[in-house]
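Asker: Chain by chain, the residues run as shown.
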Amino acid sequence: MRIENRTLKRQHLSHLKRAQKSYGGDIVRIKTERKGMGKLKGMVILFIALLQLCLLAYLHTMVAVAFHSYLIFSVVLDIITCFYILGTSKNGRSKAVWIMIVLVLFPVGFLIYFVSDENIFFRASRKRYADILASSAGMLTGCSSCGMRDSTARAASYIRTATGFVPYKNTRAEYFPSGASAFDDMLEKCASAEKFIFIEYFIVAEGRLFDRFFKVLSERAAAGVDVRIIYDDMGSSGRLAHKLKKQVRAAGIQLYAFNKLVPLYKIGMNYRDHRKITVIDGRIAYTGGINIADEYVNEKRLYGYWKDNGVRLEGDAVQGFTLMFLRQWEFVTKKSFDYSPFLYAEGGKLLSPVSSGDMCGAIEKIAENVQVGAGKTTVVTEAKRAADGELAEPAESAVPLAEEQGGRGRGGVFIPYAAGLEYRDPVVRDIYAGVISQANKRLWIMTPYFVPDDTITNLLACKALSGVDVRIVLPGVPDKGFVYLISLDNADKLTKSGVKVYTMSDAFVHTKSVLTEKCAVIGSANFDLRSFFQQYENALYTDDKTVMDGLCDDFENTFPECVQRMYIKRRSGFFRSLVTAVLQIFAPMM
Amino acid sequence: MDEKVVFDDDKLAVAVKSEQADKIRAAYRAFGWRLENQYEDVRFGDIVHMDFARPHKTEGKDRLQLLQVRFEVALNFLGRASRLIVARAVIIGILLALIAAALTVYGAVVVAFSTTSVFIASGFAIISAGIIFFVLAVTTAGKVHATDKQRYGAVASVLRENIEALLREARDITEHNSDVEAEDAH
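Just so you know, the protein sequences line up as chains A and E, in that order. The first sequence begins at 1 in our numbering and counts up one residue at a time. The second sequence begins at 1 in our numbering and counts up one residue at a time.
Chain A extracted, bound-state conformation:
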């Protein structure tokens, strides 16, 4: 009887629940959204790190309270710190913000600055990068005598001097105006890999796209292909389960996290690997704005339609991306090894020939030569000897050359380049500045965030005032509200100089590309200070017609989907202006 009553009660309750009306006015809701945990992990780590900083500041203040003369001493130290900041190579805005922090928090300001100084607390990583760069310098030959137009030659010269990356011809390219088309193509190419697949992305997240990758990569790994993946630990935080990582490793895929998140106040935690690279057999490379996550192929809805792009290269220029990956691999694994089995000389010949059959043997041989640890590498690379002219004659032609492919992209020059803290110069900012300064007719930019420094802002304003068609496409739906507020504020200021600012309706624009009448730049670097100064980025500079036409079509197809900011009634008001002004102060840190 009691059981019967309980059943009746449950049925009644169920009926009551069924009669309940849903909250909210939405008629349709997509059920692919999953947020929370990933951000939570990052927030907890950030909170613990800040807590440590506060504790340090508190203890320091206690010293100042105990010894009053120490307060005067710390003020003197603050003033000295301000002079030190002014003398650093930081950008102007960063200097201003740091000086403000040091002076406002005067008893502990200098302490906060010095525990955040990359010259002190990032020195070991910088040294390791310097060793890696030194041991792999001169591995890329590129096209030494390819006929380049003046603007490309200048960009090539800068990139070669600042980063060591070189220009290439003999490359075929294809442009993809969406993440879905780029990844479909990438998966098909990965499935036919015979030697190695290198993948380096800021975000690698489990989901349908990753399942597709895992299926293809595990099959290739089982077939003896060397599959390696680098993901950024912050970008992929909470989105790649520990169980899945174990599965991936069990399938024979080498998986490493860049800069693992630890609950410690470390300035190094701020420097993230934002690169987006896939290299297949040293013959094919992909880059663009895309990451391995479902929202990039619009199979997960986060901020409306996700607009992104990618480019595929086949030919000599792939070597630049291979080298970028190998250097990062050496950095994350802390193992030095010989790069030459993975690199080809100009014309598609292996620096150190390895056939697909004996690739595993070669890898074992490399493993024997590996020196574990962060110390200086002692391996004398084949490539180094190649650069010195000691290398034996290459044996096989491995890269299908552009001549046999119709040569549509034969005329173009491709300059893949990396940027980040391993280089002294802000490469991303400098290349964008060079591209902008050389534009005479058209300068079209697509970026998710628009927080440039004064150099870029002034250049854009000057170009627009001098009659260049300057257009900036931004998202219509933001992913980070506060950055969006600054982006719109910065962009709106430029409209006064004649820059046309567009926002793509119902879409989040994640494409990071620039197009002028002379060249195109496609890659991972946003138009913001983090990409300019604090992140590891990569991109492709090219004057190839195929890529430029593809990007041009993409822009022309995107403009009708946008609203021009000048036709939008802008929200203003004291509170909004105040919030924007405060956010602008901290923009260099965003």
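Everything labelled a hint here was simulated from the structure, so no lab data went into it. Heads up, a few of these hints could be off.
[What the hints assert, rightly or not] Per label pair, the in silico range of CB-to-CB distance:
1. A/LEU71 x E/ARG88: 50 to 58 Å
2. A/THR495 x E/LYS143: 30 to 38 Å
3. A/PHE575 x E/ARG63: 36 to 44 Å
4. E/ARG63 x A/ASP469: 21 to 29 Å
5. A/GLU556 x E/ASP46: 40 to 48 Å
6. E/VAL90 x A/ASP492: 28 to 36 Å
In this text, a Cβ means the ideal position worked out from N, Cα and C, and glycines have one as well.
Using the hints, position chain E against chain A.
Answerer: Relative to the frame of chain A, chain E by itself:
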């Protein structure tokens, strides 16, 4: 692996208001989705869950995805618009009614406890002000409701037209795709 990669169908799971279920099912068909499963929500009586599938390689997929997002945004705005029409009127009406009630009560207290005719008169004046505020609350709320109805009505009619245009374009793409498939089959 010499053969091409075989992609599984794309999946889409949505929760929709039951009274709109038929329309939404038809709309998603226009975007190339086919219904695989449909079931009622265990908690809310007015929610229906639908699972759709679509071939991974669909011609014009990027465009279809953009159109679909715009369709969903427009549809949800229409859903919210009906609430927005009354929301502002209700808030303003309640605020004015509260002032009216406060004035009336205060006026009544003044009348009840006053000893002089001047205070009694002023008490009645306050009560009158309260009544005026009541009238004001009703008329203002009505006016705001009418204005919002007109405003959101105009927006809604534009959105309905937009939805029609979006669905038409989506149908053109999917019908073109099925024509191509039929030709390939021949």
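Asker: For every hint, state whether the structure bears it out.
Answerer: So, going through the hints one by one against the coordinates:
1. A/LEU71 x E/ARG88: 50 to 58 Å: At roughly 56 Å between Cβ atoms, E/ARG88 and A/LEU71 fall inside 50 to 58 Å, so the hint holds.
2. A/THR495 x E/LYS143: 30 to 38 Å: Distance hint for A/THR495, E/LYS143 holds at roughly 37 Å.
3. A/PHE575 x E/ARG63: 36 to 44 Å: holds (39 Å)
4. E/ARG63 x A/ASP469: 21 to 29 Å: holds (26 Å)
5. A/GLU556 x E/ASP46: 40 to 48 Å: At roughly 44 Å between Cβ atoms, E/ASP46 and A/GLU556 fall inside 40 to 48 Å, so the hint holds.
6. E/VAL90 x A/ASP492: 28 to 36 Å: Taking Cβ atoms as reference, E/VAL90 and A/ASP492 lie about 35 Å apart, which means the hint holds.
Comparing the model with each earlier hint shows no violations; every hint is respected.
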